[in-house]
Structure formats: C-alpha cells, structure tokens
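Trainee: As you go down the protein sequences, you meet chains D and G in turn.
Using our numbering, count along the first sequence one by one with no gaps and you end on 326.
Using our numbering, count along the second sequence one by one with no gaps and you end on 326.
Simulated from the structure, these hints should not be mistaken for lab results.
Worth double-checking, as some hints may not be accurate.
For identical chains, the list gives no copy identity; a pair is met inside one copy or between any two copies.
Below, in silico cross-link-like pairs of lysine to aspartate or glutamate (DMTMM-like), each with a Cα-Cα straight-line distance of 20 angstroms or less [as the list claims (entries may be wrong)]:
| no. | residue 1 | residue 2 |
| --- | --- | --- |
| 1 | K300 | D79 |
| 2 | K114 | D293 |
| 3 | K300 | E314 |
| 4 | K114 | E63 |
| 5 | K235 | D147 |
| 6 | K300 | E58 |
| 7 | K235 | D322 |
| 8 | K300 | E89 |
| 9 | K235 | D261 |
| 10 | K300 | D92 |
| 11 | K300 | D231 |
Protein chains: 2
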Amino acid sequence: MKTLSENRCFEGKQGVYSHASEVCGCDMTFGLFLPEEARDGPVPVLWYLSGLTCTHENAMTKAGAQAWAAEAGIALVFPDTSPRGDDIADDEAYDLGQGAGFYVNATSSPWAPHFSMWDYVASELPALLFQEFPLDPDAQGITGHSMGGHGALTLAMAHPDRYRAVSAFAPIANPTQSDWGRKQLSAYLGDADWSTHDATLQMQAVGFDGPVLIDQGADDQFLDLLKPEALAQAMAARRQDGIFRMQKGYDHSYFFVSTFMEDHVAFHADAFFS
Amino acid sequence: MKTLSENRCFEGKQGVYSHASEVCGCDMTFGLFLPEEARDGPVPVLWYLSGLTCTHENAMTKAGAQAWAAEAGIALVFPDTSPRGDDIADDEAYDLGQGAGFYVNATSSPWAPHFSMWDYVASELPALLFQEFPLDPDAQGITGHSMGGHGALTLAMAHPDRYRAVSAFAPIANPTQSDWGRKQLSAYLGDADWSTHDATLQMQAVGFDGPVLIDQGADDQFLDLLKPEALAQAMAARRQDGIFRMQKGYDHSYFFVSTFMEDHVAFHADAFFS
C-alpha cells in the first residue's frame with residue numbers, strides 16, 4: 053500500500069492511498085478519513101460509494117462529510133468507482149466502463165478481467181483496511197450516491213450482519229427497469245440473473261436486517277432513471293425498518309448530498325453507538 | 053446578468069451567475085449562496101476571496117461553508133480570482149495572470165486593460181449584488197484563503213466602515229517581502245507604492261476598525277511565502293482587536309479551510325447579529 057497524500061482535517065486525518073488490487077488486476081486508489089479517536093483504537097467505519105463518472109475524490113472533497121464524521125468519531129472510506137488504466141477496457145459513454153463499475157463482478161467480455169467492484173468493495177478492500185488501519189469490523193455502515201446508492205443498498209442486503217445500517221442519496225433504485233442499469237448489467241453480466249444487483253428486487257426478496265435511510269431530491273433531473281417510487285413501494289410493502297424522504301426542491305448534485313450528509317452520518321452513528 | 057446554475061442547498065440556493073464586467077472588460081462569473089431567510093428580506097453577506105489558481109468554484113464546492121452560512125442565515129459570495137478569456141493577457145506561471153489577479157488594479161502593460169480585481173471586488177460586484185439580490189449592504193464581512201486572505205485583509209483595511217469583521221485562512225501576509233507578492237506587484241503595479249496591498253504594512257499603518265480572525269496551519273507547505281509571523285507581530289503591536297491562531301498539524305489545503313470554516317462563519321455572524 054502506498055500513501056499518496058495525508059492532510060490533517062477536523063483534528064483527524066484525510067488520507068489517499070493506492071494498492072495493487074488482485075480482484076481488479078490494477079492499482080486502485082481510495083480515500084480514508086480517520087477521526088481523532090482512531091489514535092486510541094479502532095473506530096466505526098462508514099463506507100461511501102460514489103456515482104457515475106466519480107473517483108475516490110468527489111465525495112472526499114465535496115460532500116462535507118468529514119465535519120460530521122469527526123463529530124461522531126467515525127471513519128469514512130471513499131473507494132473508486134471502477135478499475136482504471138490505459139490497458140483496461142473502457143467505453144466512450146460516461147455510463148459504462150471506467151468510472152461506471154456499477155458494483156458488480158463482470159462476467160462478460162471485455163469487462164470480466166478487471167471489473168470486479170463487488171468483490172473489491174465487499175472483500176478485498178475491507179481485508180486491507182482492517183489490517184492496515186484502526187477500524188472496527190464489527191461497526192460498519194454503508195451509504196452512497198446515485199450508482200453508489202445502488203451499490204450500498206445491494207451490498208448491504210446481500211451481506212446480512214455485515215453492516216449495522218444502510219443509507220443512500222438518490223440511489224439508482226430499480227436498475228433492471230432503467231436505462232441506468234439494463235445497459236450496464238447487459239454489458240457486464242450478459243443474460244445472467246441480475247436480481248442481486250437491483251435494490252428494489254432485493255428489498256422485495258430479502259430486505260435489510262437493520263435501519264434504512266433514503267433521501268431523494270424531488271427536483272432530481274434523473275428521477276425517470278432512478279425510479280425511487282419502486283424502492284419506496286418495496287420498503288413499505290416489506291415493512292422495512294426505514295425512512296424514505298422526498299426532499300422538496302433538491303436536485304441530483306453534491307449540493308443535495310452535502311445538505312443531508314449530517315443526517316446520514318448521524319443515522320449511522322446512532323446504529324454504531326446506541 | 054445571466055444565471056448559469058441554481059441548486060437548492062441547505063434549504064437555500066447556491067447560484068452561479070455571469071455578467072459583463074466594465075472594470076475587467078470581460079464576462080465575470082461568481083457564486084452566491086442565499087440562505088432560506090433571504091426569501092423574507094435582505095440578509096448579511098460574507099465575501100470569500102479565493103487563492104492562486106482558483107475560480108469562483110473552489111470554495112463553493114470544497115469549503116463546506118454553506119452548512120454554517122445556512123445555520124447563521126447569511127449569504128456567501130464567491131468571486132473569481134481574475135479576468136479570464138483567450139484575448140486577455142496571461143502568463144505560463146500558475147501565480148501570474150489569469151487565476152492570479154492578486155486583488156489589485158494593474159497599471160502596467162500588458163495587465164492594465166483587464167486586471168482590476170480591486171475595483172471589481174470593492175465596487176462593481178457589490179453594486180450589482182445589492183441591486184439584484186436581497187443582501188444587506190450594512191452587514192458585510194470578508195474572508196479568504198491564501199491570496200484571497202491577502203485580498204480580504206487589504207480590502208478591509210482600505211475600506212473602513214465597509215466590513216463589520218475580517219478573517220483569513222493562511223493569508224499571504226506580507227507580500228512586499230515574499231516571492232508571492234514581489235513578482236505579482238512588480239508585474240501589475242511596476243514601481244508604484246505597494247503598501248496598500250500588504251496586510252502587514254496596512255496593519256502597521258492603520259489596522260482594522262473591527263474584529264480580526266486569522267487561522268494558519270503550522271504544517272503549511274508555504275509558510276516561507278506566507279510570512280504569518282509578520283502579520284502576527286503587527287496585529288499585536290497595534291493592539292488590534294483580533295485573534296491569530298496557529299493550528300498544529302494543518303497544511304494549506306481545503307481540508308484545513310473546511311476544518312475551520314464553521315469558526316469563521318460564526319465569527320462573522322457574531323459581528324452581524326450581536
């Protein structure tokens with residue numbers, strides 16, 4: 053593991069690190085915020101998965117999350133959204149290939165050799181983090197924005213007892229019924245069963261074994277692609293412990309994410325500490 | 053004036069606007085955050101001046117300032133740092149020309165026709181803002197980072213009774229004695245008197261008619277260029293109403309700025325509302 057940068061931030065430390073990823077077959081970069089409390093021992097950790105076109109950096113610099121994580125004494129992990137490199141498959145479209153890993157393990161050509169973001173976020177990166185940093189594996193939460201909200205919800209429901217809570221900002225909620233989903237799942241998975249990678253279908257099938265918080269902007273320019281109504285319906289039908297909030301006037305930007313970040317960090321902190 | 057974007061943010065609105073600037077002889081872009089309270093009438097306004105290489109956008113997306121401004125009910129203005137355009141003089145160096153206006157009115161060639169950031173921030177942009185938006189001209193404060201801290205301090209001391217308070221993050225504090233200063237003041241002003249554009253010299257000569265707050269990271273990679281010790285000495289010697297804080301472990305980045313933004317917004321709010 054290589055340290056790319058470390059900056060003091062809210063009495064803790066915002067680091068950026070790279071490492072050779074076996075499952076992605078390339079070097080991967082991630083951000084990690086450690087609160088001051090990490091000097092004295094392991095702290096809870098909140099995973100933040102980013103959206104289409106993002107890297108590890110977007111939320112780390114634009115979401116204002118460190119202020120609240122420092123207040124709560126929890127760490128934040130910001131993984132990248134795909135493998136990257138000149139010798140790695142890509143597509144001209146912003147929503148396929150590099151920057152658009154969709155948190156699945158690709159099985160189709162040309163994506164299969166590198167695009168294993170599901171295993172990367174669920175297995176390889178956690179193993180590295182819990183070995184290298186003072187983080188408590190028994191106190192994990194997960195959140196994300198857009199494609200990252202999709203990743204957070206599907207990973208959480210597929211790993212019962214792993215995450216204490218899950219939340220999402222404007223998640224791609226029903227990708228098997230959306231152009232943000234069918235295109236990518238077709239490319240990465242071919243005609244395999246996609247249901248593991250659809251938060252609405254997973255909510256219908258299994259739900260989540262803890263509290264769920266969803267925020268969605270009512271003026272989001274991508275509402276037709278996100279399909280929040282499908283997830284809201286599925287949460288209510290399952291009697292899922294959770295909150296779905298439609299936020300009047302907000303769009304899909306980080307101005308929306310940063311506005312409600314305090315609530316999400318507090319929501320996860322509550323699951324860690326209560 | 054043209055609206056480039058408006059995003060709902062912390063119950064208020066983050067806008068980006070452009071307008072034809074007479075003093076800069078080009079279109080200029082600025083960001084403006086209006087809190088919810090602006091719907092009911094004029095609100096106080098805090099000016100944020102950015103540093104070298106920055107545009108109107110950096111602090112607007114990376115400083116986390118809107119959270120605290122919304123809480124306090126004050127507006128934030130984010131001007132650009134220079135005139136911009138293909139037909140406007142520039143330099144290959146990052147610290148001269150476009151992105152490096154240094155908050156002066158250039159009198160030397162080739163800069164004089166467009167580089168009038170002093171008049172832009174002190175006169176032209178305020179006139180536009182107070183005409184177009186619900187902002188209270190009698191409740192203004194000013195802050196900034198690095199070159200923007202230099203601008204905030206020098207503008208504040210040159211305009212008594214204009215700003216209720218002034219603060220700065222790692223300001224270029226003594227530019228007439230630094231390579232961040234002598235180079236730019238030589239280029240823009242030639243051998244004219246530079247003292248108006250040196251915060252330490254102005255602190256020695258006149259001081260500020262209100263409270264001053266300075267934050268400086270002790271591990272700032274640019275300490276030799278910033279020369280905080282000169283300003284600290286001058287503040288103390290003048291018995292200036294103010295606080296100078298050396299922050300252990302912090303560097304020059306926005307991770308430093310965002311860490312102390314809450315304190316700066318609260319400091320200005322205190323000057324507005326008490």
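Trainee: Hint by hint, say whether it matches the structure.
Mentor: How the hints compare with the structure:
no., hint, result
1, K300 with D79, "neither (41 angstroms within a copy, 33 angstroms between copies)"
2, K114 with D293, "neither (30 angstroms within a copy, 34 angstroms between copies)"
3, K300 with E314, "within (18 angstroms within a copy, 26 angstroms between copies)"
4, K114 with E63, "both (18 angstroms within a copy, 17 angstroms between copies)"
5, K235 with D147, "within (9 angstroms within a copy, 45 angstroms between copies)"
6, K300 with E58, "between (37 angstroms within a copy, 15 angstroms between copies)"
7, K235 with D322, "neither (37 angstroms within a copy, 53 angstroms between copies)"
8, K300 with E89, "between (36 angstroms within a copy, 17 angstroms between copies)"
9, K235 with D261, "neither (30 angstroms within a copy, 62 angstroms between copies)"
10, K300 with D92, "between (42 angstroms within a copy, 19 angstroms between copies)"
11, K300 with D231, "neither (25 angstroms within a copy, 50 angstroms between copies)"
Going through the hint list in order, the structure does not satisfy hints 1, 2, 7, 9 and 11.
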